[in-house]
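Sequence lines, in order, name chains A and B. Position 74, counted from 1, in the first sequence is what my numbering calls 74; the numbers after and before it change by one each time, with no gaps. Position 221, counted from 1, in the second sequence is what my numbering calls 221; the numbers after and before it change by one each time, with no gaps.
You may find that some hints are simply not true.
Unchecked claim - From the structure, some residues in chain B lie toward chain A, with a derived Cβ separation under 8 Å:
#	residue
1	A125
2	D239
3	I240
Unchecked claim - Going by beta-carbon spacing under 7 Å, a handful of chain A positions derived as facing chain B:
#	residue
4	Y6
5	V7
6	I9
7	A12
8	S19
9	I20
10	N23
11	T26
12	I30
13	E48
14	F55
15	G70
16	F74
17	G77
18	I131
19	N132
Please keep in mind that the hints were generated in silico from the structure rather than gathered at the bench. Cβ atoms here follow ideal geometry from the backbone N, Cα and C, with glycine treated the same way.
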Amino acid sequence: MRIVKYVAIIIACTIIQTSILPNLKTGRVILDLPLILTIYFGLFEGAEAGILMGFFLGFFQDFFSGSILGLQAFSKGLAGFVVGNTSGRLMITSQFVQILYLAIISIGEGLFKYLILRIFHFHGIFRDIFINVIIPQALLNIIIGVLIINGIVWLMKIRRV
Amino acid sequence: MISPILKYKRYMLLFLVVFVSFLLLSIHGKLSRSSDNYLGIISSVFYPFQNTANRVFRWSSNTIMEYVDVEKLKEENMKVNKELNELRGEYSRLREAIHENARLRNLLALKTKVPVKTIPAEVIARDSTVWFKTIIVNKGSDEGVEKDMAVISPDGIVGKVVDAGKKTSVIQLILDPNCSIGAIIQRSRAQGIVEGDVKGLLRMKYLSKDSDIEKDDIVVTSGIGGIFPKGLPIGYISDIDRQSSHLFKYATIIPSASFSKIEEVLIVKNHPNLDLSRNLKE
Numbered sequence: 001m002r003i004v005k006y007v008a009i010i011i012a013c014t015i016i017q018t019s020i021l022p023n024l025k026t027g028r029v030i031l032d033l034p035l036i037l038t039i040y041f042g043l044f045e046g047a048e049a050g051i052l053m054g055f056f057l058g059f060f061q062d063f064f065s066g067s068i069l070g071l072q073a074f075s076k077g078l079a080g081f082v083v084g085n086t087s088g089r090l091m092i093t094s095q096f097v098q099i100l101y102l103a104i105i106s107i108g109e110g111l112f113k114y115l116i117l118r119i120f121h122f123h124g125i126f127r128d129i130f131i132n133v134i135i136p137q138a139l140l141n142i143i144i145g146v147l148i149i150n151g152i153v154w155l156m157k158i159r160r161v
Numbered sequence: 001m002i003s004p005i006l007k008y009k010r011y012m013l014l015f016l017v018v019f020v021s022f023l024l025l026s027i028h029g030k031l032s033r034s035s036d037n038y039l040g041i042i043s044s045v046f047y048p049f050q051n052t053a054n055r056v057f058r059w060s061s062n063t064i065m066e067y068v069d070v071e072k073l074k075e076e077n078m079k080v081n082k083e084l085n086e087l088r089g090e091y092s093r094l095r096e097a098i099h100e101n102a103r104l105r106n107l108l109a110l111k112t113k114v115p116v117k118t119i120p121a122e123v124i125a126r127d128s129t130v131w132f133k134t135i136i137v138n139k140g141s142d143e144g145v146e147k148d149m150a151v152i153s154p155d156g157i158v159g160k161v162v163d164a165g166k167k168t169s170v171i172q173l174i175l176d177p178n179c180s181i182g183a184i185i186q187r188s189r190a191q192g193i194v195e196g197d198v199k200g201l202l203r204m205k206y207l208s209k210d211s212d213i214e215k216d217d218i219v220v221t222s223g224i225g226g227i228f229p230k231g232l233p234i235g236y237i238s239d240i241d242r243q244s245s246h247l248f249k250y251a252t253i254i255p256s257a258s259f260s261k262i263e264e265v266l267i268v269k270n271h272p273n274l275d276l277s278r279n280l281k282e
């Protein structure tokens with residue numbers, strides 16, 4: 001049952017990310033829903049769920065973009081591991097903790113992707129990428145990510161009741 | 001006591017993810033999303049969902065806009081609200097049809113102007129990251145689309161096919177930092193290379209120091225490289241970097257095509273080194 005839920009989330013997230021979110025672009029930035037979900041799974045369902053969901057969400061994101069296949073799968077799988085492995089003793093329902101993770105992971109994942117892309121001779125200049133891509137992306141992920149994570153937590157609570 | 005396998009499960013998973021990622025990254029370039037391998041199946045599975053989601057989104061955004069208008073009218077005239085709703089719904093459909101008609105007329109005009117075989121395609125998805133600038137269109141190898149075919153719109157050059165699946169193709173836009181095009185200034189014939197940047201503009205590099213370039217000069221494709229036919233409009237110069245310390249001049253270009261609004265494109269099937277400047281001037 002759990003696996004069906006995960007597969008459904010991956011498919012829904014991929015469709016939303018490729019067909020709907022690009023039309024709701026904020027400036028030059030598109031919300032990174034797979035990363036937000038990876039952080040959610042890492043925080044609330046543990047490192048294993050974080051790694052697997054991160055990997056598969058990233059893989060499909062790679063698949064439907066001009067990205068190098070494996071780049072986002074790698075960075076998001078790693079993000080899921082970092083979140084799941086470090087949040088064990090933290091109060092994950094606290095919005096401060098969620099914002100902290102959204103900020104650190106969004107920036108960290110952006111920097112990690114830049115490093116990998118440099119190996120593949122990516123032409124972007126670091127300063128431009130950091131100011132125009134990584135920081136705005138992190139800000140958007142934080143603002144919308146907190147709402148999404150708390151929305152899912154709220155939905156889960158209602159389901160349990 | 002927790003068994004060692006369970007204890008180290010997360011590290012084993014991490015190792016697996018890192019291993020598979022490295023494997024995917026190391027075979028980058030050899031692995032295509034096209035139909036002739038198993039990855040093509042993923043495209044085929046997602047295609048109907050993406051197409052439907054795209055259409056539903058377009059329909060719902062039109063409906064939302066209509067709703068906003070209707071709300072205003074509601075306040076002004078409560079009695080005719082129901083009738084007005086119906087009329088506005090009809091009007092919306094007609095307006096959408098008129099816009100679509102105009103876009104397709106432009107596309108048809110371009111198709112007749114350009115003496116090469118082209119495949120009309122509709123944009124069904126856009127790149128979900130800001131790192132790359134790509135779009136996905138609803139035509140693939142079934143319709144004859146192949147890798148490295150040029151993609152154009154009535155406004156100018158759009159990009160090139162980087163991956164052709166069975167029913168869909170990925171188009172790398174000229175805005176992508178990894179896309180380079182041989183370009184020429186239409187007025188002075190000065191040559192250079194145009195590349196995309198993350199800011200959504202284009203940058204013309206390697207213009208010789210003595211080249212004659214001015215603001216608002218039109219930049220067209222030079223045909224060098226064999227992918228893009230010669231003479232297709234790329235954009236116009238908005239800024240020139242003349243720093244004396246540089247070996248070359250650099251120019252910032254505003255692209256002719258409006259990438260955020262593109263809905264239909266033409267994929268150029270073949271162009272035996274044609275110069276399209278005359279055809280497009282008419």
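So, going through the hints one by one against the coordinates:
1. A125: 4 Å, holds
2. D239: Violated. Min distance 15 Å.
3. I240: Hint on I240/B: violated, closest Cβ of chain A at ~19 Å, above 8 Å.
4. Y6: Constraint on Y6/A not satisfied, violated at 14 Å.
5. V7: Not OK, violated: V7/A not within 7 Å of chain B, min 12 Å.
6. I9: Violated. Min distance 14 Å.
7. A12: Violated: closest Cβ of chain B sits about 9 Å from A12/A, beyond 7 Å.
8. S19: 4 Å, holds
9. I20: The hint holds - I20/A has a Cβ within 7 Å of chain B, the shortest such distance being about 5 Å.
10. N23: For N23/A, the interface hint holds, since the closest Cβ of chain B sits about 6 Å away, which is under 7 Å.
11. T26: 10 Å, violated
12. I30: This interface hint holds because 6 Å falls under the 7 Å limit.
13. E48: 5 Å, holds
14. F55: 5 Å, holds
15. G70: It holds, given that the least Cβ distance between G70/A and chain B is near 3 Å, below 7 Å.
16. F74: With a closest approach of 3 Å, the F74/A hint holds.
17. G77: 4 Å, holds
18. I131: Not OK, violated: I131/A not within 7 Å of chain B, min 9 Å.
19. N132: Check passed: Cβ of N132/A comes within 5 Å of chain B, closer than 7 Å.
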